[in-house]
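*Asks:* The chain contents come next:
2 protein chains.
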Amino acid sequence: MEIRKLEQMFEVLRNRPKKRLVAAYANDDHTICAVSNAVDHGLIDATLVGDEAVIAKICASENIDMKKFKIVHEPEDVKAAAKACDIINSGEGDILMKGLLPTDKYMRAILNKERGLCPPNVTLAHIAVMENPNYHKLLIASDCAIIPAPDLKQKQTILKYITTTAKALGIATPKVAFIAATEQMSAGMQACVDAAIIAKMVDRGQIKGCIADGPLSLDLAIDAEAVAIKGLKSPVAGDADCLLFPNIESANVFYKCCTKFDHSEIGAMVMGAKVPCVLSSRGDTSKTKLYSIALAAMLA
Amino acid sequence: MEIRKLEQMFEVLRNRPKKRLVAAYANDDHTICAVSNAVDHGLIDATLVGDEAVIAKICASENIDMKKFKIVHEPEDVKAAAKACDIINSGEGDILMKGLLPTDKYMRAILNKERGLCPPNVTLAHIAVMENPNYHKLLIASDCAIIPAPDLKQKQTILKYITTTAKALGIATPKVAFIAATEQMSAGMQACVDAAIIAKMVDRGQIKGCIADGPLSLDLAIDAEAVAIKGLKSPVAGDADCLLFPNIESANVFYKCCTKFDHSEIGAMVMGAKVPCVLSSRGDTSKTKLYSIALAAMLA
Chain A
132 MEIRKLEQMF EVLRNRPKKR LVAAYANDDH TICAVSNAVD HGLIDATLVG DEAVIAKICA
192 SENIDMKKFK IVHEPEDVKA AAKACDIINS GEGDILMKGL LPTDKYMRAI LNKERGLCPP
252 NVTLAHIAVM ENPNYHKLLI ASDCAIIPAP DLKQKQTILK YITTTAKALG IATPKVAFIA
312 ATEQMSAGMQ ACVDAAIIAK MVDRGQIKGC IADGPLSLDL AIDAEAVAIK GLKSPVAGDA
372 DCLLFPNIES ANVFYKCCTK FDHSEIGAMV MGAKVPCVLS SRGDTSKTKL YSIALAAMLA
Chain B
132 MEIRKLEQMF EVLRNRPKKR LVAAYANDDH TICAVSNAVD HGLIDATLVG DEAVIAKICA
192 SENIDMKKFK IVHEPEDVKA AAKACDIINS GEGDILMKGL LPTDKYMRAI LNKERGLCPP
252 NVTLAHIAVM ENPNYHKLLI ASDCAIIPAP DLKQKQTILK YITTTAKALG IATPKVAFIA
312 ATEQMSAGMQ ACVDAAIIAK MVDRGQIKGC IADGPLSLDL AIDAEAVAIK GLKSPVAGDA
372 DCLLFPNIES ANVFYKCCTK FDHSEIGAMV MGAKVPCVLS SRGDTSKTKL YSIALAAMLA
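Chains as they are written, first to last, in the numbering used here: chain A, 132 to 431; chain B, 132 to 431.
Some hints could be false.
The list makes no distinction among identical chains, and a pair is therefore deemed to hold if it is satisfied within one copy or across any two copies.
Straight-line C-alpha distance at most 20 Å; calculated SDA-like pairs for lysine to any residue [stated by the list, open to error]:
| # | residue 1 | residue 2 |
| --- | --- | --- |
| 1 | Lys-284 | Phe-141 |
| 2 | Lys-391 | Thr-313 |
| 3 | Lys-391 | Leu-363 |
| 4 | Lys-244 | Gly-301 |
| 5 | Lys-391 | His-267 |
| 6 | Lys-306 | Met-132 |
| 7 | Lys-361 | His-161 |
| 8 | Lys-268 | His-394 |
| 9 | Lys-391 | Pro-264 |
| 10 | Lys-405 | Ala-355 |
| 11 | Lys-361 | Asp-235 |
| 12 | Lys-149 | Val-209 |
| 13 | Lys-361 | Thr-416 |
| 14 | Lys-361 | Pro-233 |
| 15 | Lys-198 | Lys-210 |
| 16 | Lys-268 | Glu-142 |
| 17 | Lys-361 | Asp-196 |
| 18 | Lys-361 | Ser-412 |
| 19 | Lys-361 | Asp-159 |
| 20 | Lys-391 | Asn-265 |
| 21 | Lys-268 | Asp-393 |
Hints in this document: simulated from the structure, not taken from any laboratory.
Only a predicted model underlies this, so the values are computations on that prediction, with no experimental measurement involved.
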């Protein structure tokens with residue numbers, strides 16, 4: 132089944148064996164409520180690593196039955212993150228989730244050579260799935276948050292991640308647009324050059340599992356009318372499933388336009404580690420947190 | 132009066148002496164209808180440079196009274212563009228507008244050393260004013276279309292143009308946000324570094340006429356709620372009038388999100404030449420064409 136609305140992930144997940152989420156330093160209401168909500172929706176089982184007394188206190192004040200979680204006591208943030216990775220490395224967890232610790236400490240735990248979740252020289256990338264009420268299906272966008280200026284090799288890796296994500300959402304052959312400021316092949320603009328190179332790799336079968344085209348400006352990726360006016364022939368234009376952005380600023384602007392102007396629903400995660408890693412923040416809506424956990428479970 | 136809706140420009144222009152628009156190679160229905168519409172709205176007087184027979188034929192088929200225009204016969208596109216610049220250089224025109232010729236030929240006419248409209252080494256930039264129904268006032272954005280990767284000096288020039296535009300729209304002291312992927316001051320990201328430098332120049336009074344802050348992610352520039360959640364203190368955040376983007380891809384993605392997802396009304400022009408230059412395209416709506424002419428008239 133192709134997922135067209137993020138909420139449809141719930142039905143899929145309820146009919147599968149539950150994946151096990153491990154929350155790294157679940158010492159705040161934001162994390163505990165999000166995980167509790169996901170457990171209540173039947174999406175995951177959960178282990179909370181953190182200060183047991185603090186967790187108990189938050190559960191009491193939020194009217195959450197603590198028995199729904201497995202608790203692992205570790206009162207210090209960096210140690211709790213390492214412990215959460217240990218649990219996953221020992222085969223007892225399928226998804227990592229950030230708790231109260233800062234993002235940089237969380238990422239360092241994931242990348243840690245001894246106890247982390249990554250092979251050496253891995254590329255971690257942020258994958259966002261947006262349900263924009265002004266578009267006719269989901270849009271998978273990357274990288275909105277981690278890699279400042281992906282080079283050609285990193286873009287190929289991101290393409291692999293977004294293709295994997297699309298397939299996990301039931302999109303058999305996703306259409307991927309490489310975004311630039313124009314669809315004109317301008318050899319002086321790196322975004323256009325890289326787009327042409329990767330598009331040709333896909334054409335030649337060197338990269339499999341997707342249909343791809345670029346450079347495309349955003350309107351030509353997502354608006355069939357704009358494509359018709361330009362008279363553009365492309366297997367992707369006007370109907371993209373996935374948007375690969377040339378730099379973090381353009382991707383982040385897209386993400387923020389979708390969330391702030393269009394009130395899009397979002398699920399997001401970090402890919403590249405042994406398991407999907409959830410990276411939600413206090414400012415995310417409770418729906419975004421829930422969808423992010425569900426998305427990670429779909430990929431786990 | 133501060134303009135809060137693009138349509139309010141009409142009232143202002145009707146109470147001023149009319150500016151004189153010169154259309155370079157007005158050999159198509161798209162250009163002639165847009166100019167005719169602007170004349171009918173009482174916004175401008177107009178000279179059409181192009182093939183008189185073709186212009187007459189289009190006017191007949193579109194039911195346009197040709198007498199409302201001054202016609203200058205020149206049947207060849209590049210020559211027509213040069214002639215249009217001559218008219219402006221002779222003091223007979225205040226606004227240039229692109230007709231049927233390609234954008235690169237139009238820009239070359241503007242930049243031509245002998246007959247063009249620019250001093251040497253000028254920076255031309257694209258300035259867009261968006262009326263996004265999801266924002267509480269106009270947003271002036273740049274550069275969405277011309278400069279691929281503005282350097283620090285070009286960003287200062289763009290800042291000057293957007294400040295000038297804001298003032299022409301009655302915004303006495305515009306709030307300018309320098310957009311990046313994050314509000315964190317990351318010294319490894321050029322967008323953040325340049326933002327910090329220009330913001331400090333504004334703080335020190337080296338650049339006058341605006342309030343500025345950056346780096347700011349788009350949400351923190353335009354969403355007061357996101358600002359409150361972050362606890363960010365900034366004279367700009369959450370209430371920006373102007374957005375200066377770090378590269379063409381992020382600016383273009385913003386422009387396309389506003390037009391395609393949010394159905395924003397837009398007025399846009401090129402600044403930096405002796406007069407404002409209108410650069411609308413066939414795909415623009417008739418409202419966008421009208422607002423672009425009006426915007427240029429406000430700045431002329």
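*Asks:* If a hint holds in the structure, say so; if it does not, say that too.
*Replies:* Structure-based check of all given hints:
1. Proximity of Lys-284 to Phe-141 under the C-alpha cut-off of 20 Å is found in neither arrangement, the shortest distances being 34 Å within a copy and 51 Å between copies.
2. In this assembly of identical chains, the alpha carbons of Lys-391 and Thr-313 lie at most 20 Å apart only when taken from different copies (15 Å versus 25 Å within one copy).
3. Taking the closest pair of Cα atoms, Lys-391 and Leu-363 come within 20 Å of each other only across two copies (17 Å); inside a single copy the shortest separation is 30 Å, beyond that limit.
4. Taking the shortest Cα distances, Lys-244 and Gly-301 never come within 20 Å of each other, neither inside one copy (34 Å) nor across copies (57 Å).
5. Proximity of Lys-391 to His-267 under the C-alpha cut-off of 20 Å is found in both arrangements, the shortest distances being 19 Å within a copy and 13 Å between copies.
6. For a Cα distance limit of 20 Å, the shortest separation of Lys-306 from Met-132 inside one copy, 17 Å, qualifies, whereas the shortest one across copies, 48 Å, does not.
7. For the homomeric pair Lys-361 and His-161, the shortest alpha-carbon distance between copies (15 Å) is at most 20 Å, but the shortest distance inside one copy (47 Å) is not.
8. Taking the shortest alpha-carbon separations for Lys-268 and His-394, both the intra-copy value of 15 Å and the inter-copy value of 18 Å come in at or below 20 Å.
9. In the homo-oligomer, the alpha carbons of Lys-391 and Pro-264 lie at most 20 Å apart both inside one protomer (12 Å) and across protomers (12 Å), since each shortest distance falls under that limit.
10. In this homomeric assembly, Lys-405 and Ala-355 never come within 20 Å of each other (Cα to Cα): the closest approach is 38 Å inside a single copy and 37 Å across copies.
11. Only between protomers do Lys-361 and Asp-235 lie at most 20 Å apart by alpha-carbon distance; the minimum there is 17 Å, versus 44 Å within a single protomer.
12. Taking the shortest Cα distances, Lys-149 and Val-209 never come within 20 Å of each other, neither inside one copy (27 Å) nor across copies (68 Å).
13. Proximity of Lys-361 and Thr-416 under a CA criterion of 20 Å is satisfied inter-copy only: 14 Å between copies versus 38 Å inside one chain copy.
14. In this assembly of identical chains, the alpha carbons of Lys-361 and Pro-233 lie at most 20 Å apart only when taken from different copies (13 Å versus 46 Å within one copy).
15. Within a single copy, Lys-198 and Lys-210 get their C-alpha atoms no closer than 23 Å, and across copies no closer than 81 Å, so neither meets the 20 Å cut-off.
16. In this homomeric assembly, Lys-268 and Glu-142 come within 20 Å of each other (Cα to Cα) only inside a single copy, at 18 Å, whereas the closest approach across copies is 41 Å.
17. In this homomeric assembly, Lys-361 and Asp-196 never come within 20 Å of each other (Cα to Cα): the closest approach is 58 Å inside a single copy and 30 Å across copies.
18. Taking identical chains as interchangeable, the C-alpha atoms of Lys-361 and Ser-412 lie at most 20 Å apart only when they sit on different chains, with a minimum of 10 Å there against 40 Å within one chain.
19. In this homomeric assembly, Lys-361 and Asp-159 come within 20 Å of each other (Cα to Cα) only across copies, at 16 Å, whereas the closest approach inside a single copy is 51 Å.
20. With identical chains, the CA atoms of Lys-391 and Asn-265 are at most 20 Å apart both within one copy (13 Å) and between copies (8 Å).
21. In this assembly of identical chains, the alpha carbons of Lys-268 and Asp-393 lie at most 20 Å apart whether taken from the same copy (14 Å) or from different copies (16 Å).
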